[in-house]
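Undergrad: Here the structure of chain U is known, so what remains is to put chain V in place on it, guided by the hints.
Read top to bottom, the protein sequences are chains U and V.
Using my numbering, the first residue of the first sequence is number 1, and each one after it goes up by one.
Using my numbering, the first residue of the second sequence is number 1, and each one after it goes up by one.
Read the hints as simulated data drawn from the structure, not as lab findings.
A few of these clues could be false.
Said to hold, decoys possible - Calculated cross-link-like contacts (lysine to aspartate or glutamate; reagent style DMTMM-like; alpha-carbon spacing at most 25 Å):
#1 U/K548 x V/D114
#2 V/K3 x U/E170
#3 U/K252 x V/E56
#4 U/K514 x V/E177
#5 U/K40 x U/E57
#6 V/K3 x U/E222
#7 V/K3 x U/E314
Said to hold, decoys possible - Stretches of chain V that chain U covers, calculated by requiring three or more beta carbons in the stretch to come under 8 Å of a beta carbon on chain U:
#8 99 to 105
#9 148 to 156
Note that the structure is a prediction, hence the values are computed from the model and not measured.
Quick reminder that beta carbons are idealized off the backbone N, C-alpha and C, glycines included.
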Amino acid sequence: MKQLMLGNAAVARGLYEAGVRVISSYPGTPSTEITEEAAKFPEIDCEWAPNEKVALEVAHGATLGGVRAACAMKHVGLNVAADPLFTISYQGLNAGLVLCVADDPGMHSSQNEQDSRHYAIAAKCPMLEPSDSSEALAFAKRAFELSETFNTPVLLKMCTRVAHSQSVVEPGARVVPPQVPYVKDPMKVMMTVASRKAHERVEARTLALVEFAETTDLNRIEWGSRKLGIITSSTSYQYAREVFGDGASIFKLGLVNPLPVKALQDFAAQVERLVVIEELDPIIENHCKAIGLQVEGKSLLPICGEFSQGLLRERFGLECPPSQALEEPLPARPPVMCAGCPHRGVFYTLKKLGVMVYGDIGCYTLGAVAPLNAMDLNVCMGASCSGLHGFNKAMGREGEKHSVGVIGDSTFCHSGVTGIMDICYNATNSTIIVLDNSITGMTGHQQNPSTGKNLRGEPAAKVDLEALCRAMGFTRVRVEDPYDLAAFEQAVKEELAAEAPSIIISRRSCVMIKGVVHKPPLHVAADRCRSCRSCMKIGCPAITFDGKASIDPTLCVGCGLCRQMCAFDAFREAEA
Amino acid sequence: MTKNILIVGVGGQGTLLASKLLGQLLLSQGYDVKVSEVHGMSQRGGSVTTYVRYGEAVASPVIDRGEADCILSFEPLEAARALPYLKQGGVIVTNTARTAPMSVITGAAQYPEDLVEKLRAKGAAVEALDALPLAEQAGSSKAVNVVLLGKLSRHFPEIPEQAWRAALTAVVPAKLEAVNQTAFTLGREA
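Same shape as in the complex, but just chain V:
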C-alpha cells in the first residue's frame, strides 16, 4: 500500500530539505520512494508543493485529492489550500507563522482568520506549532523546517527515531548538524 506525505509551503521556506530528508529516510527503510516537485517559476515566493510517496512499489509520482496520509505545512494558508488532498483520517502538521501573499500585502485580499480551527471543524486532525521560537532556541531561525520534521516524526511509529536522525545527518552540512539535531528534538518533543 502506497503512503503519501504532502509537503506545502511558500517558495524559499526550506521545503526542499524536508523532501530530501524524507526521501533518504524512506529509502533507508527499504521502501520504494518517489519524490516530486515543480522547479522554476513557482519557487519565487509562490505556493510550493512536494509529493513524497513510499511503499512496496510506487507508480504515480504525484498525490491527488483525498490521498495524503499526512500533510506537512510550513504556513497555515498553504495547509488550508492543501486540505482537499488530505485523506479521511489523515493528519496535518503545520507551522502557525503566517506569510502574507502579495494580494494580502497590498490590501486586495484578507488573510483568513482561525484557519487551524476551521481545518479541525472539517474533521482534520491538525497539529499546529509555532516552530520559529523552537528553531531559535536550537540555534538558528533557519531550522524551522527541521523542527517541523521532528513533530512529523511522531506520526511514523514504524520508523525508529535513530533512522530519522541518521537521515538528518546525511542531508544537512556537518557544521550545522548539532543545531539541526537539537531542532529535531525540540520539534519531536513539542
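Bound-form chain U, shown alone:
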C-alpha cells in the first residue's frame, strides 16, 4: 500500500526488505533515523556503536559471518570510518555490506560541508544516490545485489533533503538470503602478497563496474528538449525536473561512482548545451571534462550550500516568482539550550572565570551562542581533549591554569577517551569537563555505552566514567552537579590550580529525557524583583523580562539556576 515515508525510514525499509540481519551505527544528523527506524523491525539486530569506525567494523564482521549487514552515519562520521572502509574494499565480503552516509549541504546540523562522493572514489567502492524516498527504498535493496555481485562494500549516499523529506513509497516483502558459511581463507589476511593481489582485484572490479554503469537502469535518460542536456542526481534532479520539466533532457544518475563514459558521451552528442547540476564539489563535472565533454557546472552553480528550484531559475536566467519582505530587520531565532539544560550552569561558570574553552560536538556547542558565549572553538568529536593537551604543550602552566576542554558523555565514548588517555600519558595538567547528561542529546536522544541502556532501551553494561578515567592515570577525578553554581565554580577553580591533570564530571540528566523528574516551576515575586537583569545572564528561554523578570511555567523545570543568580530572592517555589 502506498504511504508517505521519510527518506531515512525508506532506507530502513529497504534494508529490512533486503534481509539485513545486523545494523551498527553511530547517530548523526541527518542519518540517525535510518537506524532508529530499522530498530523497529525485531528481525534486525540494531545497535548504537561507540563510533562510526566501530560501527563499520561490526557490520563488516557480520558479513564475514555470512549475513547481510549495514551501518549508517553522517558525512563526517565517514572520516572516522574511513580507515576500515579502505581495507574492507580490498578484502571483500562473505555477504552484502552497505554503508549509508548522509551529507548535509547547507550545514543545517554539521560543522562542515564535505562531499562523501570523494570517499567512494578514493576507496574504489560503488555509490548509489537516491533522489526521493521511493528510490531510497529501492536503492537500499539494489545496493546489496551490487555488493554481492561485485564483492565490494557499497555506499548509499543520502543528503539532508532526501533523508528528511517524506514522499510516497510502496513497501514490499522481506527476503532473507541464506547465511553463507564462514571459510578460513589466507588471502583475507591483508598484508604483502594478499594485499597486492587484492589491490589488483579491486582495479579489475572498478573496470567491471564502469562497464556495468554504462547500461544499468540505476541511471536513466528522460528525454525532453534537446536544446539543453542536464546531468544530475539526488535532490538536484528534483530541482531540475521542477524548473525545466520537459524543457530539457535529463541524464539522471543513480550510480554516482563509478560514472559511465560512453553513455555520457552519447548523451552529450545529442544535446546542444550540456550542464551538470550537482551540489557541493564538481565531481560529475570533472569526470565529464576528463572524458572530453564540453560541459558547464560550477561556472554556473555554487559549490557552497544547498540548491533549490529558485537558485536554478536565478542561475539559468529564468523568471522567478515575485517575492517581498518587511523592510525592518527581524531578530534572528537561532537554536538555544533548553530551559533547565544542565550545560547552562557549566558554561555560565566558564564564562565567569574567563577561561579558554575548547569545545566539542553536541548540544553543548550551543554554549558558544549569546548570552553565554563561553566556547572558544570546536573541531570534531574528541578534539576538545587532544586539542587542549596540545594547546597546553604550547602554553605551559599559564595555559593549564586558564583553559578547559568540554566533552559530552557520548562524545567521550566516541573518541574523547583516546585524547584523555594522551593527557595523562604525555603529561599536561589539562582539565577536562565531561558533560554527562546520560544521553546523546543533539541527535534526538540515543543511548550510548555510558547510559546503561542499549538502543532498544534495555539494560546494558555501563561505562563507569570515573573508574575509566582513574584507570587511565587520572588521580584527580570528581563528580559535580552543574545545578549548584557555587560548588561547580569552586571545583573548576581547584582543578585549574592543581598541578595534575583533572577530570570534572558534570553529572545531571538531560531534562528532555523521558522519565526525568522535574521540580515544580518557579515564579517571580514581583515585589522582590529589582529589575537588575542578573537572571538574564544565564540565557534561559523560560525567563522573559518586561520591566520585571517573569517565568514561563510551561518551560521552567525548576532547575533553580535563576534563583542562584538573584540577590533579592525573587524566584520562589509555588506556594503549597
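TA: For chain V alone, coordinates are given in the frame of chain U:
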C-alpha cells in the same frame, strides 16, 4: 499544478503534528505529496520550517521564495520571516501569541510591533487568531496546533471537512482524539 503549504514556527511548538496531518490528508485525497523538514540542531528552540507540497506529481521537496499558496504560522515573528515565500495572492494563517527569541529576552533586540498589520500592508491576506484560549477551551493548551489547522482547513474548499477529521483521527493518540476534534472545530469556526 503543485500547491504549496509552508509551516513555520519555533522548535517544540508542534509543527511536526501539523505536517503529519497534512501529509495523511493530502495522500488520502489522491495527491502526490512531499513533506520536508530539517531535523537536528534547529529544533532546539530555533526557527523551524516545514514544506508541504502536493499535486499530480511533485518534484522538488522544498518551497522557494514567492511559491507558498498558504503559510501556516505558529508565531507572528516567524510569519514575518516567511513573508518572502508567500505567493502573490496567497494567505497567511497565523497564531498571534509571541515567543521572544533569545536576543529579545536578553534585551539585545526588540520584538517588532504590529507584525500582522505590517504583513497586511504588504498586501498579504492574513488571518490571525490567538489559538491558546481556544485550545484551552477544547481541553488542552497543547492543541494550539490543531486549532490552527482548523482555521487553515477553511482555505481548502476542495477537501471535505470529513477528510480533515479522519486525518486527525489517524495522527493523534486515541485518548486525545475528542480534545483535538473539539480544537479543530473551534479553529474552523473561529
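Undergrad: Look at each hint and say if it fits the structure.
TA: Status of the hints after comparison with the structure:
no., hint, result
1, U/K548 x V/D114, "23 Å, holds"
2, V/K3 x U/E170, "23 Å, holds"
3, U/K252 x V/E56, "21 Å, holds"
4, U/K514 x V/E177, "23 Å, holds"
5, U/K40 x U/E57, "23 Å, holds"
6, V/K3 x U/E222, "24 Å, holds"
7, V/K3 x U/E314, "21 Å, holds"
8, 99 to 105, "holds (count 6)"
9, 148 to 156, "violated (count 0)"
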